[in-house]
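Asks: Line order of the protein sequences matches chains P and E.
Quick note on the numbering used here: the first sequence kicks off at 25 and runs consecutively.
Quick note on the numbering used here: the second sequence kicks off at 15 and runs consecutively.
Note that these hints are calculated values from the structure, not bench results.
Just so you know, these numbers come straight off a predicted model, no measurement behind them.
Where a beta carbon is used, it is the ideal one built from N, C-alpha and C, also for glycine.
Mixed in with the good hints there might be a few duds.
Said to hold, decoys possible - One-sided excerpt, in silico: chain E residues whose CB lies under 8 Å from chain P:
1. Leu24
2. Ile34
3. Gly38
4. Gly94
5. Leu105
Unchecked claim - Residues of chain P clear of chain E, computed beta-carbon distances all greater than 12 Å:
6. Leu117
7. Trp125
8. Val135
9. Asn147
10. Thr150
11. Ser192
12. Trp228
13. His231
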Amino acid sequence: MRTGIIDSANLNGGQQLAVKYFSVAVVLFLAQMLFGLLAAIQFIRPDFLYNVLDFSVNRMVHINAMVVWMLYGFVGAVYWLLEEESGTRIVGLGLGNLAFWVLTAAVAVVVVVYLLVQTGPGNDLTRWFVNEGREYLEAPRWADLGIVAVLGVFFYNVAATFSKGRWSGIAGVLTLDLVALAGLYGAGMFYLTNITADQYWWWWVIHLWVEATWEVLVGCIMAWGLMHVLGVRRRIVETWLYIEVALMFGSGILGLGHHYFWIGTPDYWFSIGGFFSALEPIPLVAMVVHSVYDAGVHKFKNGNHPALAWIIAHTFGNFLGAGVWGFMHTLPQINLYTHGTQWTASHGHLAFFGAYATINIAFFYIAVQTWRGNIWLGGGLAGGGWKWKWALALLNFGVIGMTVALLIAGYEQSFIERAVEGSTWGGYFAAQMHPWFQQAMAWRLVFGVVTLAGVLLLVWDLLTIGVGEMRRAPQLATEAG
Amino acid sequence: MIEPVDPADLRLVFAAAAAIVLGGAGYAGLFAWARLKNRRRWLVGAYVCYAALAAAVLLLARTAHLDGAWQGVVVLMLVGYLLAPHGIWHLCAASHRLERGSRAPPGD
Chain P
25 MRTGIIDSAN LNGGQQLAVK YFSVAVVLFL AQMLFGLLAA IQFIRPDFLY NVLDFSVNRM
85 VHINAMVVWM LYGFVGAVYW LLEEESGTRI VGLGLGNLAF WVLTAAVAVV VVVYLLVQTG
145 PGNDLTRWFV NEGREYLEAP RWADLGIVAV LGVFFYNVAA TFSKGRWSGI AGVLTLDLVA
205 LAGLYGAGMF YLTNITADQY WWWWVIHLWV EATWEVLVGC IMAWGLMHVL GVRRRIVETW
265 LYIEVALMFG SGILGLGHHY FWIGTPDYWF SIGGFFSALE PIPLVAMVVH SVYDAGVHKF
325 KNGNHPALAW IIAHTFGNFL GAGVWGFMHT LPQINLYTHG TQWTASHGHL AFFGAYATIN
385 IAFFYIAVQT WRGNIWLGGG LAGGGWKWKW ALALLNFGVI GMTVALLIAG YEQSFIERAV
445 EGSTWGGYFA AQMHPWFQQA MAWRLVFGVV TLAGVLLLVW DLLTIGVGEM RRAPQLATEA
505 G
Chain E
15 MIEPVDPADL RLVFAAAAAI VLGGAGYAGL FAWARLKNRR RWLVGAYVCY AALAAAVLLL
75 ARTAHLDGAW QGVVVLMLVG YLLAPHGIWH LCAASHRLER GSRAPPGD
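If we strip away everything but chain P, and leave its shape as in the complex, we get (with noise of 0.2 Å):
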């Protein structure tokens, strides 16, 4: 083994495919920050590249590129693991290559159309070849069938892998998991010329998705990462595994409700979907105790600093971005006006990186440290490990300053354009032309800035970490195990 330098001798071949799909994502995660940039400047300039990227396209590119960065993030993570957490070699490696191959390829295609093509006639045509016309699911038809049967053979490869090698807890949560995430997707299939029955199916992809399957899927992620970067035991990742998805599930799938309260459902969503959002907060919550526990417990002793420092950022992202963000809006008394407005993009924002981007990060510095032969990345590195410091505190300054920038902007639009004006066209655009509005919107691009120089900062960091380093980090999974 080499180390210092990056080398794929040094991964398997499980790591090996896991880095392809990181690379990917660090680059989606670059479209992501340019297109919300591109569509924040519209927010405040609605002129700026009118005709040419108009802010639809960029707000449609900025959330798919972040929902599918998010996925190269999680299956890089889960190809990662695999062999690791098996004990064998992987199977099915050339045809998740060739998987890989067709995603990526597939999903370069579908953004040159969205760049290029736009809009179609709205037919079956458009839907088959341009776009599907459904928000955050707006690939087009032949996509969709594409990333089912991608999602299939990754399936496939984790579970006749743990099948050849050994199960384990993980193992039995993380194979369950796949299938849900894969059959969910199907949800979002349907055509049905009734917004409420489209609308009510679509819901179970983006909810279910979100606050189901990825939070057990991270869930997983983080036990295995725990274990590898803390050497926490088997059976207390475990334990704590079966509980949080126990009540992530308890919560989760029933608080999809607070999603069907405008759609036209019956009433009874209003009180099914208030009282099991009220309950969401709760694994949240529990991870809080548990991780006081662990602090009190286990000395903070590792050889990947800026891992751990990224996954604490995941613990109290996902209980702040999901949680109290979440619940601040979720009851349909509050709903009424918050539905819609930069309300649910300031819990979006926060949310999505504090529970997903904080996780796959981690897993980026995992991967780089075993990529350049295992090597020390705890204290001492060279020059006080600054670039990763800075980074970690630029991209949750950022973040957090377009998540408070986006509340402004939301509660001005929940009081003026819903409360007082009553959700009236003429309250919109009262709303929109609001001093209050457009000043939040100015803020929330400003800390847009903030987080691509954290993201650009990352990148950099992620490339040249470690470079020379000849210490050896301890083999913690291994005594884990």
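Dock chain E against the given chain P, drawing on the hints supplied.
Replies: Showing chain E alone in chain P's frame:
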């Protein structure tokens, strides 16, 4: 059917909803720390957080018109947040006991 929040109370409702979860986290965190370090002073702080949480729940219930069946949700929220850290703590202690060679966990 639900009765929406009075526009004049919007700010109070948002603040109360946020205070519920933050109070819950403060209560859970301080409770866990107090049991871990066996310090009663921190436990007092934990219950102060819970009192703040309870006040926020009552404020939310009043301003968001949580009447009728919604009052059941209010009671469940209060009881749930009170008991959850206790239950989670015992689960923590039980799971970590395996790691600590069957020694009693701190504060247990």
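Asks: Each hint: holds or not?
Replies: We went through each hint and held it up to the structure:
no. : hint   : in the structure
1   : Leu24  : holds, 6 Å
2   : Ile34  : holds, 7 Å
3   : Gly38  : holds, 5 Å
4   : Gly94  : holds, 7 Å
5   : Leu105 : holds, 6 Å
6   : Leu117 : holds, 35 Å
7   : Trp125 : holds, 42 Å
8   : Val135 : holds, 37 Å
9   : Asn147 : holds, 39 Å
10  : Thr150 : holds, 38 Å
11  : Ser192 : holds, 16 Å
12  : Trp228 : holds, 24 Å
13  : His231 : holds, 19 Å
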